[in-house]
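For reference, the chains in residue letters:
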Amino acid sequence: MTRLPITKTPKVYVGGAFIRSESVRTYPVKDATGNFFANIPQCTRKDVRNAVEAAAKAGPGWARRTAYNRGQIIYRLAEMIEARQAEMLDALTVGAALRRDSKTSAAKEIAATIDRLIYYAGWTDKYEQVLGNVNPVASPHFNFTVTEPMGIIGLLAPEEAPLLALVSLFAPAIACGNTVVALASTAQPYPAIVLGEMLATSDLPGGVVNLLTGFRKEMVPTFATHTHLRAVQGVANADERKAIKLAAADSVKRVKLSKAEESTDWFSDRAQSLYAIRDLVEFKTTWHPIGA
Amino acid sequence: MPTLTEKKSARPTARAQGRPLPELIFGDLWEFDPAPETADPRLRARYDLFIGGQFVAPASGKYFDSINPANESKLAEIAWAGAADVDAAYAAAQKAYDTVWGKMPGRERAKYIYRIARLLQDRAREFAVAETMDGGKPIKESRDFDVPMAAAHFFYHAGWADKLDYVAPGRRVAPLGVVGQVIPWNFPLLMLAWKLAPALAMGNCIVIKPAETTSITALKLAEIFQDAGLPAGVVNIVTGFGDTGAAVMGHATAAKVAFTGSTEVGKIIMRSLAGTDKRMTMELGGKAANIVFDDAPIDQAVEGVVNGIFFNQGHVCCAGSRLLVHEPIAKTFLAKLKTRLRVLRIGDPLDKNTDVGAINSKEQLGTIERLVGIGIKEGAEMFQHPCKLSAKGYYFRPTIFSNVSMSHRIAREEIFGPVLSVITFRTLDEAVEKANNTAYGLSAGVWTDKGSRILKMSTELKAGVVWANTYNKFDPTSPFGGYKESGFGREGGRQGLLDYCRLV
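Residue numbers (the numbering used here), protein chains in the order written: chain F, 677 to 968; chain V, 3 to 506.
These are calculated hints, taken from the structure and not from any lab test.
Note that the structure is a prediction, hence the values are computed from the model and not measured.
There could be a bad hint or two in this list.
[Said to hold, decoys possible] One side of the interface only, derived from the structure: several residues of chain F facing chain V at Cβ under 8 Å:
1. Asn811
2. Ala814
3. Ser815
4. Lys918
5. Leu922
6. Ala925
7. Asp926
8. Val928
9. Arg930
10. Ser934
11. Phe959
12. Thr962
[To be verified] Pairs of lysine-lysine residues, derived as DSS-like cross-links and limited to a Cα-Cα distance of at most 27 Å, are as follows:
13. Lys142(V) to Lys338(V)
14. Lys935(F) to Lys269(V)
15. Lys935(F) to Lys280(V)
16. Lys458(V) to Lys932(F)
17. Lys802(F) to Lys458(V)
18. Lys280(V) to Lys918(F)
19. Lys354(V) to Lys364(V)
We put the beta carbon where it would ideally sit given N, CA and C, even for glycine.
In isolation and in its complexed conformation, chain F is listed as follows (with noise of 0.2 Å):
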């Protein structure tokens, strides 16, 4: 008689630990063919506002890590990837029938992911250096312009790339020193819930990056209206757009979202970039005479 095999119960990682959510909803989802695979958490408003409270009290330590300390942790996390290479490609032929292709781009969609979290762990360090600078006043003062990390940032992922797409959206945001709550893909769940694993193996303290999965229309007004979000970006649908961009208002949030109707090519080198970084820092200019 074969041997039954233990299956996982998947659960969201939301302040460095594995969680269901406090609806103690869920959702299922199909394996490549067809067939029951788990029952996802369906995470609700209250787990947003649970996750960010997570993300903010994660938030002056992570800030506070040198550059070069968060360059290495974010490569550590390549290499927790890298190392579980397997793991991850069954974790993406889980979901929807939206997802038919092969082992092969599946594969192809963790190099990329991995590739994205070195090109952003190399930025850590460096993109200071490029954005801020010392601005030659015409007094007798010293001026310089440096970045600081936004605070929160709020995710949404869009339904394709569950793991690139997720990936790409919380490298830059967390390079930078800000701390994240991210909505996964609703049809791929998944492939989060893996990551999830793996983020709590690569050194990143708990509550830097949360991640929630379920439904988009329960959870996108609160990303919109929280006030302690001070951005939200990702992708999403003109409706959502609106909503969001409405609501942020209150709260002047900074909103940059793509829109889920054109499609992103989230394997391209134009799908990474310094001013990814950029839409998620804050300038500040401090200023100070020159004098004995």
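Dock chain V against the given chain F, drawing on the hints supplied.
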């Protein structure tokens, strides 16, 4: 010579409030002779809209009066632009972008912007007088700050026009097209320069609306655009009230809108554009903390705090309207501050000795009076400059509230007037907590002799500009703009330019 007084006071009531002895009193013993600035502002009786390089009458034929807030006299009639005029302005801007400005090599654009800077410098005094008459700010500020700084902004940005490859390393940049801009009344010409200069350098064309109380210098600058030969339609100026502003912000042609003004109006604009893909930058309100530690150079700090809140009658979004003073020196500092406040000269903005001029409008005066009334009602202790105010014109005495707590409305809401709220703190952490405990995040001041503390404070304060041992300093090379509800985007410097282009 200033005199040390011991026994005789011209104002016993002021003495009764417990002012310390001895002190230097200038105002009591020295009458200042009037020193009016007499340069001719060369105003027209009526200002039309500036569209497509020409002054044109508004389609509706409607005009409104621009008032001198110093004496309530009418200065000129200003055209009230309606939706049709705004349409015409956008059409002119789009045409200029498609046919001339968008195609022009950067080095040629630069020359036009340099010309504007030079012609403005030529007519600096005339513009300063016009600015002071229209807005009420002291002539020494418009003469020494607003106008030269406006010219400096054009001069600085002109040089960028042919160096745009260096704005975004690794990427090329392209103009956005036509941008819509709405600016406030506190620095009418300077805000115009902050908005126009980077947009022009990047190759955009513009429709801009000045504030209804301060349109004159914008339209005088339009004369300079004509003299400079700036191609028709590159800059279009539409004047009017909130309805005109809404039409400028909401116009379909605008690829980007830039707004400077109150957080309240900024949010309304953001909501109104929620369904569009327009880019936005917002420079909104503030409630800055000016933080004085016990080791600060006290006399310099007093000067800085006074400048921080009474500069331009406190009509400054980055005004240091909350003084956070270290408890060990609070009493001494407040006493020195009151002494310093008493020698400010309040009155005719055109007088070269005036430190605090007229409040910009009757409406704003009402807002200040209302919030000050709330401050009194909430139990804060008020000290005001004892001067007599002119019966004509809009004036408000420089005011200090002490015993203010963080929950008082005067400590939370932007007053936009010469009103300082004094709050004390014991530790650095408490100062940071109180300074950051606001929805705003535009600017902050720190006064201390300790270098490491300055850098620590600068790191901890959630504000876009931090002035250490100085306050209210501005420069075209220095990015300005806020965190949180003080807005987003920067104006000035390399950072500001990037907000007027797209990456290609």
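**Report entry** Hint numbers not upheld by this structure, sorted from lowest to highest
**Finding:** 10 and 16
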